[in-house]
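Participant: Sequence:
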Amino acid sequence: CDPLAGRHLVALLHQAGAKPVRNTWIFFGSCVGDPNFGDYVANMIGVVDTARDVITGPLGMDRNDFDNALRETRAWGRRPDAAIWFALCWAEGVTP
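Each residue of the sequence shown is one higher than the one before, counting from 1 in my numbering.
Hint data in this document are derived by calculation from the structure and do not stem from the laboratory.
Remember, it's a predicted structure, so these values are computed and weren't measured experimentally.
We put the beta carbon where it would ideally sit given N, CA and C, even for glycine.
One should not assume that every hint holds.
Said to hold, decoys possible - Okay, the calculated beta carbon distance ranges per label pair:
1. Val94 / Arg63: 35 to 43 angstroms
2. Phe28 / Val94: 20 to 28 angstroms
3. Ala69 / Gly38: 13 to 21 angstroms
4. Phe27 / Trp76: 15 to 23 angstroms
5. Ala16 / Arg78: 40 to 48 angstroms
6. His8 / Met61: 18 to 26 angstroms
7. Arg22 / Val54: 22 to 30 angstroms
8. Val94 / Arg71: 37 to 45 angstroms
9. Leu70 / Thr95: 35 to 43 angstroms
10. Asp62 / Cys31: 24 to 32 angstroms
With the hints as constraints, model all of the structure from the sequences given.
Facilitator: What follows is the structure, encoded as structure tokens:
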């Protein structure tokens, strides 16, 4: 798992011999009241959780603190004023 893979997408495409087509951001956003809001929160938690070993290993965050942060994020997702905005890196290339 490389939680910073998005920063390397263009280089990875180049190394694979792909010709760049575009790079951009994919926007995600929602708030309480949207029937899919819980899915957005769960997705964000899942993305962060995939980086658990890196965050609690080389980056040095305490595992209990990490688990607490995920619990607090779940609780935040149930607040009446909760809203979320984030973006994912996107890069496209084609092989000649």
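Participant: Each hint needs a verdict: does it hold in this structure or not?
Facilitator: Tested hints:
1. Val94 / Arg63: 35 to 43 angstroms: Taking Cβ atoms as reference, Val94 and Arg63 lie about 42 angstroms apart, which means the hint holds.
2. Phe28 / Val94: 20 to 28 angstroms: holds (26 angstroms)
3. Ala69 / Gly38: 13 to 21 angstroms: Taking Cβ atoms as reference, Ala69 and Gly38 lie about 18 angstroms apart, which means the hint holds.
4. Phe27 / Trp76: 15 to 23 angstroms: holds (20 angstroms)
5. Ala16 / Arg78: 40 to 48 angstroms: holds (42 angstroms)
6. His8 / Met61: 18 to 26 angstroms: holds (22 angstroms)
7. Arg22 / Val54: 22 to 30 angstroms: Since Arg22 and Val54 have Cβ atoms about 28 angstroms apart, the given range 22 to 30 angstroms holds.
8. Val94 / Arg71: 37 to 45 angstroms: holds (43 angstroms)
9. Leu70 / Thr95: 35 to 43 angstroms: At roughly 39 angstroms between Cβ atoms, Thr95 and Leu70 fall inside 35 to 43 angstroms, so the hint holds.
10. Asp62 / Cys31: 24 to 32 angstroms: Holds, since Asp62 and Cys31 (Cβ atoms, about 31 angstroms apart) stay within the stated range.
The structure meets every hint from the earlier list without exception.
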